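Asker: Please take these sequences and the hints and turn them into a complete structure.
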Amino acid sequence: MLIKRLLLNDRGGAIVLALIAAMMVIIPILNLAVPTSSPFHVSTFTVTLLGKFLCYALLALSVDLIWGYCGILSLGQGAFFTLGGYAMGMYLMRQIGARGQYGNAELPDFMVFLNWDHLPWYWLGFDSFAFAMLMVIVVPGLLAFVFGWLAFRSRVTGVYFSIITQALTYALMLAFFRNEMGFGGNNGLTDFKDILGQPIAADTTRIALFLSSGIALITAYIACRYIVTSRFGRIVVSIRDAESRTRFCGYKVESYKLWIFVFSSILAGIAGALYVPQVGIINPGEFSPLNSIELVVWVATGGRGTLFGAIVGAFSVNYGKTIFTSFSPETWLFALGALFVIVTLVLPKGLVGLFNRPKKSESAHEALDNETIDKETIDEEISGTKTNSAEAK
Amino acid sequence: MNILAQAKQALPVKDPDFSKVLNGFGLEKDNFGAPVDTSKRTILYVEGITVSFDGFRALNNLNLYVDEGELRCIIGPNGAGKTTMMDVITGKTKPDEGTVYFGQQINLLELSEHQIARGGIGRKFQKPTIFEALTVYENLELATASNKAVWWTLTKSLSGEQKFRIDEVLIQIGLKELRYKNAGALSHGQKQWLEIGMLLMQSPRVLLVDEPVAGMTGEETEKTAELLLSLAGKHSVIVVEHDMKFVRSIARKVTVLHQGSVLTEGTMDQVQNDPKVIEVYLGE
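Respectively, the protein sequence lines represent chains A and B.
Residue numbering for the first sequence follows the numbering used here, beginning at 1 and increasing consecutively.
Residue numbering for the second sequence follows the numbering used here, beginning at 1001 and increasing consecutively.
Keep in mind the hints are simulated off the structure, nothing from the lab.
Since this is a predicted model, take the numbers as computed values, not measurements.
Each residue gets a CB set at the ideal place from its N, CA and C atoms; glycine is no exception.
Hints are supplied without guarantee of correctness; some may be wrong.
Said to hold, decoys possible - If we take Cβ atoms under 8 Å as the criterion, some of the chain B residues that face chain A in the derived model are: (1) Thr1090; (2) Leu1109; (3) Leu1111; (4) His1114; (5) Arg1118; (6) Thr1129; (7) Phe1131; (8) Leu1134; (9) Ala1143; (10) Lys1148; (11) Val1150; (12) Leu1154; (13) Gln1202.
Unchecked claim - If you want the ones that stay clear, here's a sample from chain A, every Cβ over 10 Å from chain B, calculated: (14) Ala21; (15) Thr44; (16) Leu73; (17) Asp127; (18) Ala167; (19) Tyr170; (20) Ser230; (21) Val237; (22) Trp259; (23) Leu347; (24) Pro348.
Answerer: Listed below in structure tokens is the structure:
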């Protein structure tokens, strides 16, 4: 029943999920079981690249949930992604132990370099994987809660909300650039060695990370579908379309916005945590406002308000970026800008809008019923207008 | 005051099942904590309300009393303060002075919009505002009086009783056959009815209806008049309208607003023959 509700009427979503699942089966086999000499071998570089795309897709999903369904255009979603990434990075830093440049088992290299003599309090506990994973959820979630509570309670909406989220991510970037913050300054956190006792660069670890990203994406997708097909989801859509009407229906709009915003920021945090071990570095550059804007472009390109469109957009734009930057890196930003303009003008429903026909009613029978009714009401309207014009005369 | 005497005459027969309907939907849980005390028959007390926007007095010492089950029409020239008055009652605008009581004990000025809506005051906007991306059925589902906390809406669907109530309202507003149609595809009149239906789903004690027939065809206007008349008695209905013919067809008691306060009150005939009203409408 639940599966039916989640995936029925969502053909596009089912196809995208099936493709991801297929990829999760095929890629590990082609990477681990097929010898390097074979033309079918998939390099670890590609596995990592695809794993990165899966994280981006999860991030795009989180944006689509709030932007596509609730109309909250957050231009600071990258901040939650990066915070999740930092939480994971801190765990990975603590795993380096005495293998750093300075051989200090107590302190990460950059702290030794800054002549710090003890670990700051906010680094405590990050030796534990479980604690770090908790922080991956708690830190972005808590920031979103406090920020959202203040913003939504004051009824900050639309473009004003977008601007303050930009300011949020920009402020975080400036703060994290400072060495005194204790997060490695502009170098960020890097030189990771192990994750859960496994060497981070090993093929099997890469595959495990790739699979984890895929599982996270699929789980998040189903969770999002659950949300948008529930009564909560319909209320959220109503808020997007007619906020004050929803309020006069007796809903506390602020709470709805707040919780969907918090949930979405947690998804972004998880995406960041999976991203960091695969790329091997996290630095304040990830907070850059440009990143957050770029990911809105992914969602717009894929098709907003469909969930699976966000995944399609994240994959296609990033694949395009990989291809493009390999032969003409300096023109990529122009291409991205042009893409956004073209999508806005020509494809308001994004790439998936090309394939996704408008949804038919529950059954053909009902559709037929509706049509007959339509004719009747049209007739009524025509006769009504006639009466009116007759009166006017 | 002769208002009360007049109101008594105008008051239609009360629907005996009214309180049952309310109880059936567990509205008390979401209520103001205290039941609405209408032992004096008056359900809404608006007293001495003044609202200023940048020095302009939109409402000026406005007094208005609405009885339970009454159908009241409010007319007045543009800028008379009709919409502002609705804003004050529904909690959208806080007045500079005055009090608004729902029943004898509930002070509406202390409550926010969603609390007032849950407590039983429904509002229909001038422009039809329905949720166009959802179907007719889903629109009513959203408006249903039920637990409106986040967690409930995420995990629970409506009870059979509530679904039954949706069907009832669908029949009442004449959109039963269009239940699965997207609300955005409805005609203007149908949208207005849907919005009234959404108000009904909240099982309100008081309905505020802002210009229900603006832009409607003659036939649609008639249907709307019928619908509103059928609601009076079960609910107190306050209709703000420009269309005098329409007001005449439904009005029992009319209040004329002018420059933010009540100019006169009475039956349609009394009001139309009132020299003050003639002066305001036709000029000196």
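Asker: Taking the numbered hints from earlier one at a time, note which ones the structure violates and give those numbers from smallest to largest.
Answerer: Numbers 2, 3, 20, 21 and 22, in rising order.
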